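> Generate coordinates for the entire structure from the input sequences, incorporating the hints supplied.
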Amino acid sequence: MNNKAQIWDAEGTRLGDVASGTLFFRQETASYPSPVHDRYYGRVDEVISGSDTGYVLRKKLDYVGVVEICD
Numbered sequence: 001m002n003n004k005a006q007i008w009d010a011e012g013t014r015l016g017d018v019a020s021g022t023l024f025f026r027q028e029t030a031s032y033p034s035p036v037h038d039r040y041y042g043r044v045d046e047v048i049s050g051s052d053t054g055y056v057l058r059k060k061l062d063y064v065g066v067v068e069i070c071d
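Position 16 (the sequence shown) corresponds to 16 in the working numbering; numbering is contiguous.
For the record, the hints were derived by calculation from the structure and aren't laboratory data.
Every value quoted in this text rests on a predicted model; they were computed, and no experiment measured them.
Idealized CB from N, CA, C, for every residue including glycine.
Be careful, since some hints might not be right.
To be verified - Simulated restraints on C-beta separations:
(1) Asp45 - Asp9: 17 to 27 Å
(2) Glu68 - Gly12: 25 to 35 Å
(3) Asp62 - Glu28: 25 to 35 Å
(4) Glu68 - Thr13: 25 to 35 Å
Listed below in structure tokens is the structure:
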């Protein structure tokens, strides 16, 4: 996160705040929720309100790198 942000669920409910510097792992899987044009879906590296997955505004993210995850 390049700045403080909020994470939201698919229904638009705010799950909580995400601190600047927190890592966000964008998820692109077959079960990917419906795209939102200005947000990415994924998980943060900390638990927020019992859920660490949701949507974050794209403009709050800086690209760091790609991480391959194998099943």
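> Taking the beta carbons of Glu68 and Thr13, is their distance inside 25 to 35 Å?
Because 31 Å falls inside the window, the suggested range holds.
> Lying within 25 to 35 Å: is that true of the beta-carbon distance Asp62 to Glu28?
Between Asp62 and Glu28, where Cβ atoms are some 18 Å apart, the hint is violated.
> Given the hint of 17 to 27 Å, check if Asp45 and Asp9 actually sit that far apart at their C-beta atoms.
holds (18 Å)
> Look at the Cβ atoms of Glu68 and Gly12 and judge whether their distance stays inside 25 to 35 Å.
holds (31 Å)
Violation of the numbered hints given earlier is confined to hint 3; every other hint is satisfied by the structure.
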